[in-house]
Amino acid sequence: MILNASGCLDALTAPRVARSLDIYVAKTITPEPMSGNPQPRLAETDFGLLNSIGLQNPGVESFCAEILPRLEELGMPFWISVGGANAADYARVCERIGERESVSALELNLSCPNVDPAAAGAAEIVAACRAVSDKPLYAKLSPHLPDVAEVATGVIEAGASGLTLVNSLRGLVLDEWTLEPRLGRGVGGYSGAAMRPVALAAVYLCYEATKGAVPIVGVGGVQNGKQALDLIAAGASAVALGSVLFGDLEAPERVRTELEQEALARGFERPGEARGAAHRPSAG
Amino acid sequence: MASPRREQRRVGGSERIGLYTLLRLERGGLEAGLPGQFFMLDVPGHIMPRPFSICLAEKDELAFLINPVGPATRVLCELERGQKIGLFGPLGNGFRTDVKRPLLVGGGIGVAPFPYAAQVMGNPPVVLGFRTARQAEAAQLVPKAEVCIEPQLVTELIPGVPMDVLACGPEPMLHAVHALVPDAQLAWEAPMACGFGACYGCVVELDGKSRRLCVEGPVLNGRPPALPLIDDEEEEAEA
Ligand SMILES: Cc1cc2nc3c(=O)[nH]c(=O)nc-3n(C[C@H](O)[C@H](O)[C@H](O)COP(=O)(O)OP(=O)(O)OC[C@H]3O[C@@H](n4cnc5c(N)ncnc54)[C@H](O)[C@@H]3O)c2cc1C
Ligand SMILES: Cc1cc2nc3c(=O)[nH]c(=O)nc-3n(C[C@H](O)[C@H](O)[C@H](O)COP(=O)(O)O)c2cc1C
Ligand code: FES
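So the sequence lines, in the order shown, correspond to chains A and B. Using my numbering, the letters of the first sequence correspond one by one to residues 114 to 397. Using my numbering, the letters of the second sequence correspond one by one to residues 146 to 384.
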């Protein structure tokens with residue numbers, strides 16, 4: 114299954130690209146509108162992209178009134194990513210959006226490197242959201258966590274249905290001559306190719322810790338089918354495409370086809386059969 | 146409006162024009178779009194494509210005028226005939242060209258969209274301002290352009306009679322033009338990673354709201370915002 118990473122595609126400006134995904138994930142929504150971070154918000158680095166968008170979004174009320182009805186018109190499954198500053202914020206958005214039948218799942222963004230970290234612990238936020246919504250809840254975790262597997266088991270106990278691993282890493286780029294930060298906010302979220310081993314490790318450890326019992330969306334630097342297969346072998350049940358979409362609108366279809374071929378070449382009839390292959394002791 | 150497409154195209158030629166480089170790409174059926182619209186050009190060795198205004202549109206060729214200000218633009222200026230690069234467009238909202246009393250106002254590399262605009266609009270009056278005489282060589286791309294070099298400012302060349310101004314240039318120039326001609330169509334710039342509304346990197350403050358320049362611009366006060374940017378296939382077929 115191929116999804117987009119939250120914040121990396123707007124289905125309303127690119128409906129054809131959204132429809133080429135199995136599930137569309139909307140950008141993170143917070144209770145109140147957020148105007149985001151100052152310009153510049155983008156800087157290229159050697160192995161990836163640095164962004165400081167800052168969860169810019171219209172707030173949950175305006176989202177429900179103006180954007181959600183148009184997402185419903187797309188006629189495809191979609192998830193909404195949820196953000197906030199504390200457990201009550203997250204719960205408020207989940208409660209409001211959870212009313213809508215069209216929303217297949219809620220992804221809790223517990224990990225944005227561009228806003229101040231949520232004061233509450235991840236498990237507390239998940240529990241607050243679980244109390245107000247019956248929808249599947251995916252906890253999106255940060256690669257910064259010292260023990261991602263421990264947090265993963267904690268959020269599952271608190272009621273999360275699945276995991277999304279991982280959000281971007283914090284990074285900094287300096288201007289060539291002034292040696293000042295290139296981004297208006299200073300530090301930003303680092304995404305792209307350099308994320309691959311980081312995402313792979315998080316998926317591997319969380320799959321092990323949860324014994325493969327919950328779905329895991331693998332995210333981080335995926336640009337081709339082999340890289341998607343790696344995430345599946347480490348334990349992902351689905352793969353999300355992030356910054357690759359900025360430069361390649363055909364990426365969902367291309368990665369899906371390549372993934373099927375790469376899986377077949379290794380003796381898996383379907384890519385899903387390779388799930389957890391990295392954990393099996395190899396025969397022989 | 147023309148639907149954007151992503152294609153690989155060969156470099157047909159590359160010429161230095163003063164400090165800038167005119168990069169000619171084989172057109173091969175690509176729509177040129179409206180003056181003021183832009184393409185995202187892939188840059189060899191770089192992750193992010195970069196936005197450039199359509200400078201010239203001939204039957205067999207699309208050309209972009211490039212100011213080498215940083216690593217990616219320097220690579221584009223060094224491309225050689227026969228090399229292939231990816232491009233994606235036309236994107237954004239261009240200039241409204243069906244105006245009664247047109248005047249094109251450009252500053253520095255802001256001259257880039259005007260050779261094509263002048264062609265489409267039948268060579269209207271043009272005023273261009275540059276910092277140096279080397280930069281000003283780019284004025285040769287626009288017929289009948291009146292040119293000034295700093296310390297004279299291009300806003301001093303705008304006549305005191307009502308005109309329909311289309312302007313492109315550095316931010317301070319656009320603010321100055323706006324102060325003189327409040328309803329001028331202004332082409333703005335912001336860093337862009339996608340060009341089609343996906344990344345929120347290009348957001349600017351507009352009437353007190355944060356908006357994506359690639360969706361609502363780059364020309365503001367021009368055409369009304371058009372959504373979606375990437376059409377459905379059915380709609381594409383109709384376009
Ligand atoms: C809609 C749109 C249309 C554009 N059309 C054109 C065009 O037709 N021709 C063209 O040459 N450029 C155009 N630009 C600007 C061009 O996209 C940028 O200059 C380019 O992306 C810079 O990439 P870089 O890697 O070379 O420099 P970066 O590494 O991004 O920047 C290097 C350094 O140069 C500075 N810098 C960046 N851009 C500029 C600038 N424009 N002027 C002065 N300093 C700058 C940065 O602050 C940085 O310090 C357009 C931009 C937009 C948004
Ligand atoms: C421009 C940009 C905006 C993003 N916005 C969000 C967001 O709103 N919510 C979220 O959970 N993740 C956001 N992310 C993180 C991505 O969803 C993803 O986790 C990360 O980019 C790693 O994947 P990639 O390397 O494939 O891009 C954003 C990433 C980028 C590059
Ligand atoms: S350039 Fe990505 S949203 Fe405008």
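No lab work stands behind these hints, which were simulated from the structure alone. Each residue gets a CB set at the ideal place from its N, CA and C atoms; glycine is no exception. Heads up, a few of these hints could be off.
Cross-link-like lysine to aspartate or glutamate pairs, in silico, DMTMM-like; alpha carbons within 25 Å at most [said to hold, decoys possible]: (1) A:Lys324 <-> A:Glu386; (2) B:Lys354 <-> A:Glu179; (3) B:Lys229 <-> A:Glu386; (4) B:Lys204 <-> B:Glu171; (5) B:Lys229 <-> A:Glu179.
Chain A stretches covered by chain B per the calculated footprint, using a threshold of three residues with CB under 8 Å from any CB of chain B [unchecked claim]: (6) 116-129; (7) 148-157; (8) 162-175; (9) 356-362.
Checked hints:
1. Taking the CA atoms of Lys324 (chain A) and Glu386 (chain A), the gap is near 16 Å; set against the 25 Å cutoff, the hint holds.
2. Simply put, Lys354 (chain B) and Glu179 (chain A) have alpha-carbon atoms about 16 Å apart, close enough for the 25 Å limit, and the pair holds.
3. Distance hint between Lys229 (chain B) and Glu386 (chain A) is unfulfilled; the C-alpha atoms sit about 39 Å from each other, more than 25 Å.
4. For the suggested pair Lys204 (chain B) and Glu171 (chain B), the alpha carbons sit about 9 Å apart, so the restraint of at most 25 Å is met.
5. Restraint check for Lys229 (chain B) and Glu179 (chain A): the C-alpha separation of about 42 Å exceeds 25 Å, so the hint is violated.
6. Counting residues of the stretch 116-129 of chain A whose beta-carbon sits less than 8 Å from any beta-carbon of chain B gives 9, enough to reach three: the coverage restraint holds.
7. A count of 8 residues in the stretch 148-157 of chain A with a Cβ less than 8 Å from any Cβ of chain B is obtained; the coverage claim is therefore met, three being the minimum.
8. Only residues whose beta carbon comes within less than 8 Å of a beta carbon in chain B count, and the stretch 162-175 of chain A has 4; three or more means the coverage holds.
9. Interface restraint, the stretch 356-362 of chain A with chain B: holds (6 residues with C-beta to C-beta distance below 8 Å; minimum three).
Checked against the numbered hints above, the structure breaks hints 3, 5 and satisfies the rest.
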